[in-house]
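A.B. asks: Next come the chains, spelled out residue by residue.
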Amino acid sequence: MNELLLGLQSVMHWGVLASLLVGAALGILIGVLPGIGPGVAIAVMLPITYGMSHMAGLVLLLGIYCGAFYGGAVTSILIRTPGEASSIMTMFDGYPMAARGEAQRALTLAFTSAFVGGLASTVFLIFAAKPLAAFAGRFGAAEFSAAALLALVCVVKAYQGRTAQAALMLGLGLFIGTVGIDPSSQEQRFTFGFPQLMTGLPLGAVVIGVFGMAQAFVLLGMKPRERKRGDQLEQAGFSLKQAGEIFRYPSTLAKSAGIGTLIGVLPAVGAALSTSLSYFEAKRHDPEAFGKGDPRGIIAAEAANNSVSGGALVPLLALGIPGDAVTAIIMGVFMVHGVFPGPNLFSEQPELVSGIMVSMLLLNVVILLMLVFLVRYVAMCVQLDPRLLGMVILALCFIGSYSLGNSLYFTWVAFGFGIFGWLCALSGLPAVPLVLGMVLGDLMETSVRQALNIGEGSPAVFFSRPVSATLMVVVILMLAWPLLRRGWRALRRPTPAPAADASRRAGTGPLPPAA
Amino acid sequence: MSIASQELGERAQRRLAAGFVGLLALGAAILLPLTPRLIVGMPEEVAYYRSPALFPSIALALVAIAAAFHCVRMLRGASLSTDDIDEPAAHWRVVVLAFVAYVLYVLAVPLVGYAIATAVFVLAVGALSGLGWRVPALIGVCLTTALYLIFVLGFKVWFPAASLIPGA
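Protein chains in written order, with this note's numbering: chain A, 13 to 527; chain B, -18 to 149.
Treat each hint with caution, since some may be false.
Stated by the list, open to error - Partner residues are not named here, just some residues of chain A that face chain B (Cβ under 7 Å, in silico): (1) G192; (2) P195; (3) E199; (4) R201; (5) F229; (6) E246.
None of these hints come from the bench; they were simulated from the model. Remember, it's a predicted structure, so these values are computed and weren't measured experimentally. Glycine is no exception: its CB is placed at the ideal position from the N, C-alpha and C atoms.
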């Protein structure tokens, strides 16, 4: 209780409250606009936060992060175009419900279930982060190495069907992170005689490039959206009478919020996976009804989608390991402000940690209130020409990257990564592992080298302590899982009896059952 | 030129993607053996776990293997599946022109000052992307004013004085 009061105290400043309102409004808008995700918005807003206090800057970014989760549902339901990849599942039942004249009911279900999911995950954050940080406080180099390795394996595993692409980008991120002075040996790595590279490639400029600028180029090359016959934009609204409908489906709501929160805790496994897992789990019980405007479909997708936000902050605050790309960028903001997330943050800056938790609670309330009154107007922004957005984002990226150090060097770095990011988008290479690799690489390298120093070069050091050994076993199992699964399937496949086999070959065996 | 003809076909996009990923594989494969030479003050004899080359070498090896694998897969016809919901290949010529406009913009800032360069850049990019000139001109003026007020006057971001236009 004392911690919540402390948090409330650090949030109750006009600057922080203004950031909260602006962040929430921007987040909703970003969620509604197809083609712009929270990563782009946070990359573009990053430099603005440098001129603010820690708390105000972080609350602005958290507002964008949370608001985008809510806003994504609007376009999925009204025009069958998801604002975010994580809102695709909302479309399956949201649009059919809107198409039969119940757009307000669909939006109300989406917003209220997202609200419950957001609150549930924030409560989880409040209760889980501190004990996890206390536990992690006893971690040594071997445990941190194993935790970082597990996070990296999760990053790659999260991209099912695109493992090679994710591994490539992760490796690239790890490599880029090594440019500059080696923190352990103080040698210059890959600086090629450029003094600017001594401190490494600036994370802010890389993020602005691969998220902001690359997306601006994509938007400039897009066609403007044409109005379609089935659009329900005029029907947008929130129905207070139907606000309690979600509580008629308590098990769907609880299960989805739980799935979303737990998926959020896993590094790099974003909201898109949590919504699909939650949707298909709900659909399993009544497959015929789903896809035709069933309220459970909307509840499952939206509660899971928004509950990722609180879960993703747990490993970030407690271990210094970001839960997804957006929290990786937020971690970059922490570092720029001289705040290093991890177990020590709870003892060194308790007011900041409590402030983040309280602001997450407030943000969910503020965003819901904004949507109740403004969703009708926000929905109209869908018609905005993407080329206009691309133009504005490019201008913002220029000043944003320049202001990182009042130098054109940063704009050139951002531009280089902008072209790189556009080529990656064209080639189907995900940008998220690159940023996570850059952020996690430093922690990983320092702790691995420390641990190996302690063990005098023997990798057995990672298996000598219970926590690191457990984490390493999980890593090995995750890596070996495809082989294990294949072996298990081969073992379970029934081998045909020799007699039956012979009769089948002769064509005299029993006929297979009719399909 | 019609809009349709400016779109990159799937085959061309696949070739471009395979070439890009192949370049990444090649770059990593070339850098990998050169790593010790690219570290200033690299110690002659050092235990592997104390070497500053250990971690970059692991990262480069990962890039080289994953990129080569993905490149071969793409050349064999694997899909360019992305989880993005937009079309990066649409109107690629506009994108290439935007690259050029951005380079000119960055070069123009020290010459004509931030405000003039930004307004002209927004107008140029808007016109190049097919938005005409009226809307981009209006946005250019409003956006430049807002950014100037926020960053230059508010956050005290410093720009070098324009060398061609005194006082800009």
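A.B. asks: The structure should be examined with respect to each hint, and the outcome stated for every one.
C.D. replies: Results for each hint:
Restraint check, G192/A versus chain B: the minimum CB separation of about 11 Å is more than 7 Å; hint violated. A hinted interface residue such as P195/A counts as satisfied when its beta carbon comes closer than 7 Å to some beta carbon of chain B; here the least separation is about 10 Å, so the hint is violated. The interface hint given for E199/A holds, since its Cβ lies 5 Å from the closest Cβ of chain B, which is under the 7 Å cut-off. With a least beta-carbon distance of about 5 Å to chain B, the hint placing R201/A at the interface is held under the 7 Å criterion.
Because the beta carbon of F229/A sits about 5 Å from the nearest beta carbon in chain B, less than 7 Å, this interface hint is met. A cut of 7 Å between beta carbons decides the hint on E246/A: the least distance to chain B is about 24 Å, and the hint is violated.
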